[in-house]
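> Here is how the chains run, residue by residue.
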Amino acid sequence: MKTVKLIDIAAARSGDKNNICNIGVLAYNKEAYQLLKTHLTAELVKQHFGSLIQGKVVRYEWDAIESLNFVCFEALDGGASRSLRIDSLGKNFSSHLLRLEFNIT
Amino acid sequence: MKNKKIRIAGTQGFYGDSPMGAIMVALENAADYLMHDALAELTLSILQKDKLKDPKLGYARDIELHAAKLYPICLANKLKIVSNSGGLNPHSAAQKVKSILAKKGINNVKIAAIDGDDLLPELEHLKQQNLPLLNLDNGTDYRDSEYAATHANVYLGAQCIKDALQQGAQIILAGRVADPCLALGILAYEFDWDLESKAQESLDKMAQGIMIGHILECGGQASGGNAYSEWKQRAYSFAHLGYPIATVDQDGTAIISKLKEAGGKVSRNTIREQLVYEIHNPQEYITPDVTVDFSAIEVEEIAENEVRVKGAKGRLRPEQLKLCIGQMEGYMTEQLFYFSWPYAYQKAQAFVEAAQETWAALPFQYEALRINYLGINGIHESAAPSMTEKQIEALNEVGVRMAFRHQKAADGKRLIQSIVCLGLNGPPGMTASMNWGKAASLRLGLFPTLIPRDYVTINITIY
Numbered sequence: 000m001k002t003v004k005l006i007d008i009a010a011a012r013s014g015d016k017n018n019i020c021n022i023g024v025l026a027y028n029k030e031a032y033q034l035l036k037t038h039l040t041a042e043l044v045k046q047h048f049g050s051l052i053q054g055k056v057v058r059y060e061w062d063a064i065e066s067l068n069f070v071c072f073e074a075l076d077g078g079a080s081r082s083l084r085i086d087s088l089g090k091n092f093s094s095h096l097l098r099l100e101f102n103i104t
Numbered sequence: 000m001k002n003k004k005i006r007i008a009g010t011q012g013f014y015g016d017s018p019m020g021a022i023m024v025a026l027e028n029a030a031d032y033l034m035h036d037a038l039a040e041l042t043l044s045i046l047q048k049d050k051l052k053d054p055k056l057g058y059a060r061d062i063e064l065h066a067a068k069l070y071p072i073c074l075a076n077k078l079k080i081v082s083n084s085g086g087l088n089p090h091s092a093a094q095k096v097k098s099i100l101a102k103k104g105i106n107n108v109k110i111a112a113i114d115g116d117d118l119l120p121e122l123e124h125l126k127q128q129n130l131p132l133l134n135l136d137n138g139t140d141y142r143d144s145e146y147a148a149t150h151a152n153v154y155l156g157a158q159c160i161k162d163a164l165q166q167g168a169q170i171i172l173a174g175r176v177a178d179p180c181l182a183l184g185i186l187a188y189e190f191d192w193d194l195e196s197k198a199q200e201s202l203d204k205m206a207q208g209i210m211i212g213h214i215l216e217c218g219g220q221a222s223g224g225n226a227y228s229e230w231k232q233r234a235y236s237f238a239h240l241g242y243p244i245a246t247v248d249q250d251g252t253a254i255i256s257k258l259k260e261a262g263g264k265v266s267r268n269t270i271r272e273q274l275v276y277e278i279h280n281p282q283e284y285i286t287p288d289v290t291v292d293f294s295a296i297e298v299e300e301i302a303e304n305e306v307r308v309k310g311a312k313g314r315l316r317p318e319q320l321k322l323c324i325g326q327m328e329g330y331m332t333e334q335l336f337y338f339s340w341p342y343a344y345q346k347a348q349a350f351v352e353a354a355q356e357t358w359a360a361l362p363f364q365y366e367a368l369r370i371n372y373l374g375i376n377g378i379h380e381s382a383a384p385s386m387t388e389k390q391i392e393a394l395n396e397v398g399v400r401m402a403f404r405h406q407k408a409a410d411g412k413r414l415i416q417s418i419v420c421l422g423l424n425g426p427p428g429m430t431a432s433m434n435w436g437k438a439a440s441l442r443l444g445l446f447p448t449l450i451p452r453d454y455v456t457i458n459i460t461i462y
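Residue numbers (numbering that gives the first Met the number 0), protein chains in the order written: chain S, 0 to 104; chain F, 0 to 462.
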């Protein structure tokens, strides 16, 4: 078993649409993309953020650019205009996701 | 002309962006059009605050600097500017630009104001109609909302941009035209694309136009800014970043580049990062003009700082348009305090405990309170990894950040003032940010919904 650190195999960028935050995860190569497709599930992402994401997480696969897109609902404390968070626009959801690690066999 | 190519530079990503990227492109004559997206979701709320203070305001005020320093260069070099900088007051914006240019002796210029997106005056009437205005996020009906509206704008498509260019506009100051549609409007005008066509070939070209607009709409975010993918190997400067420039063919294929002399970088990575930004389903990117499927796109680095993008597919546009209503929900106040080693975190916690006891005794209450310990759980809150006692003990300093939601404007200041005494009465060494007790911010909530197209009448006025 080996532990893979997301930060070593992918980049991420996140942003807001009112109370929805999306996190795009870009694999650095095709092998990394296959690992992400297998291991980086919507459930894992939701779990990693805990109560920061109140709603569901939907994952989209984007093979053409070796990327996954996670759409996180009810994730921004009501949206930037009413949020009490420092990261009101969710720009650092990308940073937090990059901390994630998963095991492969 | 068979081999005609059109160059569009994305030189404004938000209200307040630097004008330097645009000025560099204009001086070098490196584009035919500057595309300026001044409006984020929140911007219209900010502009509404301006307009309430002065009915002549309500537009993105960086056009005043642009009119003085940028537009004269553009006009001399025959670059056109296509923007949604008109915000909530496109007519006033156009008149302001006209007068600034006139003072510089530039009179022979056509400036287009585009409006019709602003439904605030009709909102009460709309609420009386038998028309559900359901919140796209949570399904509630706007007709049940108890809050006063501050703005209500429909996201417009590209047709008005094409029409204004056909009327000879050199500077376009539109209201809430959807960000990527600014680029599509330019391309539809230049290449005579029919935006009403339902033919697959036309839909695919429109989809390409939207993809190009999406890449350009955030300016420097496509050319090396805010990019984790380039962080480790970064050899470029963030200062004087070169903004992205799309060189587009008749069929919609584009090469994204930047000025060679400027900072930043255009790579397959930077373009991929912008492509994923603020989108949901990549097979169904909904815009007023066309629904875009990005799943078969090709993004290829063909030379240093040159990336070719093609292959976006179009489907029919939606029946309805997005309407974003801003509403006055109350106020917010934020304040920072700091504690140093030794016992930094314990002192911060003792301070917060005393503050909460103090607030509990006040004759009024806040609606919500958020406490963050900077250096520990400021940005990621409950999701931040826990730290060991030893790590916490070793912290040089800890900040306490508190943020409130409250109903009355004055309550924010009263909450903060009630605990400032802890500087003398509380844990050793408390220090606060300089602007303590500043005025509360308006809390303007967004209510996104949909509205049938026939409720919207678009007007183009040439000044």
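Each hint should be verified, as a subset may be incorrect.
[Claimed, not checked] Label pairs and their in silico Cβ distance ranges:
id : chain 1 : residue 1 : chain 2 : residue 2 : range
1  : S       : Glu-30    : F       : Glu-366   : 28 to 34 Å
2  : S       : Gln-53    : F       : Pro-384   : 18 to 24 Å
3  : F       : Lys-103   : S       : Lys-4     : 55 to 61 Å
4  : S       : Glu-100   : F       : Gln-406   : 41 to 47 Å
5  : S       : Gly-49    : F       : Ser-432   : 27 to 33 Å
6  : F       : Gln-406   : S       : Ala-63    : 46 to 52 Å
7  : S       : Asn-28    : F       : Leu-26    : 38 to 44 Å
8  : S       : Asn-91    : F       : Gly-104   : 46 to 52 Å
9  : S       : Lys-55    : F       : Gln-232   : 52 to 58 Å
[As the list claims (entries may be wrong)] With a cut-off of at most 16 Å between alpha-carbon atoms, the simulated EDC-like pairs for lysine to aspartate or glutamate come out as follows:
id : chain 1 : residue 1 : chain 2 : residue 2
10 : F       : Lys-231   : S       : Asp-62
11 : S       : Lys-90    : F       : Glu-145
12 : F       : Lys-126   : F       : Glu-145
[Stated by the list, open to error] Not everything, but these chain S residues come out facing chain F in the computed CB check (under 10 Å):
id : residue
13 : Thr-2
14 : Ile-6
15 : Ile-22
16 : His-38
17 : Glu-42
18 : Leu-43
19 : Ala-63
20 : Leu-88
Read the hints as simulated data drawn from the structure, not as lab findings.
Every value quoted in this text rests on a predicted model; they were computed, and no experiment measured them.
Note that CB positions come from ideal geometry on N, CA and C, so glycine has one too.
> Run every hint past the structure and note whether it holds.
Hint by hint, here is what the structure shows:
At roughly 50 Å, the beta-carbon separation of Glu-30 of chain S and Glu-366 of chain F lies outside the given 28 to 34 Å, and the hint is violated. Between Gln-53 of chain S and Pro-384 of chain F the CB atoms are about 21 Å apart, so this pair conforms to the stated range of 18 to 24 Å. Taken as a hint, the range 55 to 61 Å holds for the pair Lys-103 of chain F and Lys-4 of chain S, whose Cβ atoms sit roughly 56 Å apart. Between Glu-100 of chain S and Gln-406 of chain F, the C-beta spacing of about 44 Å keeps the proposed range 41 to 47 Å intact.
Restraint check, Gly-49 of chain S to Ser-432 of chain F: a C-beta distance of roughly 29 Å satisfies the suggested window 27 to 33 Å. The given range of 46 to 52 Å is respected by Gln-406 of chain F and Ala-63 of chain S, whose C-beta atoms sit roughly 49 Å from each other. For the hinted restraint 38 to 44 Å between Asn-28 of chain S and Leu-26 of chain F, the CB-CB distance of approximately 39 Å keeps it satisfied. One distance hint, 46 to 52 Å for the beta-carbon pair Asn-91 of chain S and Gly-104 of chain F, holds here, with the actual separation near 48 Å.
In this structure the supplied range 52 to 58 Å is violated for Lys-55 of chain S paired with Gln-232 of chain F, their Cβ-Cβ distance being about 36 Å. Simply put, Lys-231 of chain F and Asp-62 of chain S have alpha-carbon atoms about 24 Å apart, too far for the 16 Å limit, and the pair is violated. Using a Cα cut-off of 16 Å, the hinted pair Lys-90 of chain S and Glu-145 of chain F is violated, with the two alpha carbons roughly 31 Å apart. Distance check on the hinted pair: Lys-126 of chain F and Glu-145 of chain F sit about 12 Å apart at the alpha-carbon level, within 16 Å; holds.
The beta carbon of Thr-2 of chain S comes no nearer than 15 Å to any beta carbon in chain F, farther than 10 Å, and the hint placing it at the interface is violated. Nearest Cβ of chain F to the Cβ of Ile-6 of chain S: about 9 Å, under the 10 Å cut. The hint holds. Hint status for Ile-22 of chain S relative to chain F: holds, with the closest Cβ pair at about 8 Å, below 10 Å. Taking 10 Å as the C-beta cut-off, the interface hint given for His-38 of chain S is violated, the closest approach to chain F being about 19 Å.
Annotation: interface hint on Glu-42 of chain S violated; nearest CB of chain F at approximately 15 Å, more than 10 Å. A hinted interface residue such as Leu-43 of chain S counts as satisfied when its beta carbon comes closer than 10 Å to some beta carbon of chain F; here the least separation is about 13 Å, so the hint is violated. Because the closest C-beta pair between Ala-63 of chain S and chain F is about 5 Å apart, less than 10 Å, the hint holds. Because the beta carbon of Leu-88 of chain S sits about 9 Å from the nearest beta carbon in chain F, less than 10 Å, this interface hint is met.
In summary, the numbered hints that this structure violates are 1, 9, 10, 11, 13, 16, 17 and 18.
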